[in-house]
Amino acid sequence: MTAVLTDPDEAVADIPDGATVLIGGFGPAGQPIELVDALRRHGARDLTVVNNNAGNGDTGLAALLATGNVRKIICSFPRQTDSWVFDDLYRSGKIELELVPQGNLAERMRAAGAGIGAFFCPTGVGTPLTEGKEQRTIDGREYVLEYPIKGDFALIKAHRGDEVGNLVYRKTARNFGPVMATAAGTTVAQVAEVVPAGGLDPEAVVTPGIYVDRLVTP
Amino acid sequence: MTAVLTDPDEAVADIPDGATVLIGGFGPAGQPIELVDALRRHGARDLTVVNNNAGNGDTGLAALLATGNVRKIICSFPRQTDSWVFDDLYRSGKIELELVPQGNLAERMRAAGAGIGAFFCPTGVGTPLTEGKEQRTIDGREYVLEYPIKGDFALIKAHRGDEVGNLVYRKTARNFGPVMATAAGTTVAQVAEVVPAGGLDPEAVVTPGIYVDRLVTP
Amino acid sequence: MSLGKQELAAVVAADIPAGSYVNLGIGLPTLVADHLPIGNGVTLHTENGMLGMGRAAEGDEVDWDLVNAGKIPVTETPGASYFHHADSFAMMRGGHLDVCVLGAFQVSVGGDLANWNTGEPGAIPAVGGAMDLAIGARDVYVMMPLFARDGSAKLVDKCSYPLTGVGCVSRVYTDHAVFLLEEDGVAIRETYGISEAELRSRLAL
Amino acid sequence: MSLGKQELAAVVAADIPAGSYVNLGIGLPTLVADHLPIGNGVTLHTENGMLGMGRAAEGDEVDWDLVNAGKIPVTETPGASYFHHADSFAMMRGGHLDVCVLGAFQVSVGGDLANWNTGEPGAIPAVGGAMDLAIGARDVYVMMPLFARDGSAKLVDKCSYPLTGVGCVSRVYTDHAVFLLEEDGVAIRETYGISEAELRSRLAL
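Residue numbers (this note's numbering), protein chains in the order written: chain P, 1 to 218; chain V, 1001 to 1218; chain G, 2001 to 2205; chain X, 3001 to 3205.
Simulated from the structure, these hints should not be mistaken for lab results. Some hints could be false.
Said to hold, decoys possible - Residues from chain G shown here face chain P by an in silico Cβ test under 7 Å; the list is partial:
id, residue
1, 2019
2, 2078
3, 2079
4, 2090
What the hints assert, rightly or not - SDA-like mimics (lysine to any residue), calculated; alpha carbons at most 25 Å apart, straight line:
id, chain 1, residue 1, chain 2, residue 2
5, V, 1094, G, 2126
6, G, 2158, V, 1132
7, P, 150, X, 3125
8, P, 94, X, 3126
Just so you know, even glycine gets a beta-carbon here, dropped at the ideal spot from N, CA and C.
Produce the complete structure using the sequences and hints provided.
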């Protein structure tokens, strides 16, 4: 059942030290800024963060990294023109990086949400990113075995939600949100607006409410 | 690029003998009756058909089975109160049955469409349906290795399509359609109506046109 | 007295926590829907791609594009959503449903479930989504008559029928008793028209 | 004369079959979009969840929820659709895109691609969707200057940089020539401001 809240701080207050937190967004698009800011204020330490990038500028995810509370980041594209916060932490050995091809990042979270134990995937065969991984030829093609990425919490941003937690997104801000929502023990979604049950077209719901534990209108 | 047709017979005319044909529907809901009838008239032989069921009554898929042109059916739930056509063929050894748990049927087709070589799945562990399959313990849980099901053709039914092949469905008639569309070399979708490009809400498209080769309004 | 089907369905319904996401299997479990308290936020899932399934459709409500897993026309509740089969089974297999209620031919005291095939010669097997629910739902409740027509118990030491899932059932609701299948054995939570001693003797528990 | 960036983009664009589904990588390949003939039914895919991407957004069109893989605001064409990341990469990895055009540090004559990491000490690696496109698109075209700043060729016998994909590139579009990487070796389709003999000598082909 979905709790409808207005306070981002309340929504993330039980994230413990050491948690793995999936954070939605592709760069700024779809990044749940208010929830990330709340997580920063909350101050949980020793976090593992999963995001496509590693923060932009000095706000949101970058500001969270700057606290030093993120031990490890799992992402596909940390290096950007405005990723200076991450760059400094990385170069000074203060953050661990697991670099994952973007499709594996998405599919490994999907696997976590779908009960798949592992899957054979063609991405990265013969490259340094799959070195040491189990490899197998299936029907004449090479594959590498990849494992699920499960979160303790997911913090995502959607466009609108209804009272039972159904979500719709907006344009390319959808990106990782729907996948992360399925892959975490507790999913917190920030939305611009909450409508009554029945206020969203059932044919157009992208994330069914079963995946959403808390809905926040910050 | 999607071809927009009005003749179901033309839409299935190149299905060869020996083809694997994915046919949408959960019982009658979402079954592309006009396309299945056209396939029956077309007369391709030695077919492998993938569907959740094995035909109802004497029409649609049941009528196709009755021609004797289906060598094998891959499905999850053949036995129904009105599956007499299949029942007779099966009991007289005239059709081969591969019984697959419904979730594996869906996930194996999804894997075919998503480029996954195989996946470890918890369904059916310790049951006769996974006997002889590769098994592995991952994080303390037992899984069985399952392989993709790829179709040469998919015949599906949607509600509306646009000129570039985007599809929306109607209620629980959606079922296997979107998954099958991704898993076949050639996907043929029958729809009640074709609207101009831009006539469907981009946020609510369920099957993007990239997966639809032919759109038929029978 | 032993319970009738509707009484049994009411017992199961009363045990489903408010706010749960629930899948009710074909047959006997379907009856549970009618006994869920209105407004306690239980959301019904149907494997053929829907959350927020409502009651059976009547009269003009019948729409053959809106059916349940048993292919019976149903209705939609406010807050419903539709999704395709791979998404529906990802939901089931990924551990997101709180409870499923299934019928059974046999359940073992260790929680093994047999509900898809009697293994009789000439029988046509059909499994549907039963194996996916068995491994996927957080709690698997079984609802069945305790005794078969020949008087043999369906709660058994070891299933003789082909299995649907291993060690997956946590509770068995029957016309004669409710059983909790626990780590250290079978607990009888309540009995209907039969003493616990007689039950244990008939079941060889 | 060798080609400028826009001229090169026009050459690539002219080779993309009508009706194709195409992904254009970050950087140089992005320029191809401006040269696609209007109305020939090429549909652009962006990895961050969209088919039917339009040109770069201008003025009031800028919407930070609608960006391309390089996080630049873009527009939507009629017939566009949005989907989440797992669906977007399933599309890429499942072999549904006809063509992708990628930039590169190096390409080997056998079609190996190196475009994500120069392996320099202190460099921060970033891979994004490059490895998924390399193995997923039916045809992988590379678009790059033929020579690095130090004069060394970027079409090489064997890549010295870490690989993105093995044997995946089918064509290399450069400022000096278009190369077809075929089973039996490299064919030079056309040259720009340099003779084929000189090219073969500078490249040691």
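For each hint, the structure was consulted:
1. 2019: holds (3 Å)
2. 2078: holds (3 Å)
3. 2079: For residue 2079 of chain G, the interface hint holds, since the closest Cβ of chain P sits about 3 Å away, which is under 7 Å.
4. 2090: For residue 2090 of chain G, the interface hint holds, since the closest Cβ of chain P sits about 4 Å away, which is under 7 Å.
5. V:1094 with G:2126: holds (18 Å)
6. G:2158 with V:1132: The hint holds at about 22 Å.
7. P:150 with X:3125: With a Cα-Cα distance of about 23 Å, the restraint between residue 150 of chain P and residue 3125 of chain X holds, given a limit of 25 Å.
8. P:94 with X:3126: Given that 25 Å is the threshold and the Cα spacing comes to 18 Å, the pair holds.
Violation of the numbered hints given earlier is absent; every hint is satisfied by the structure.
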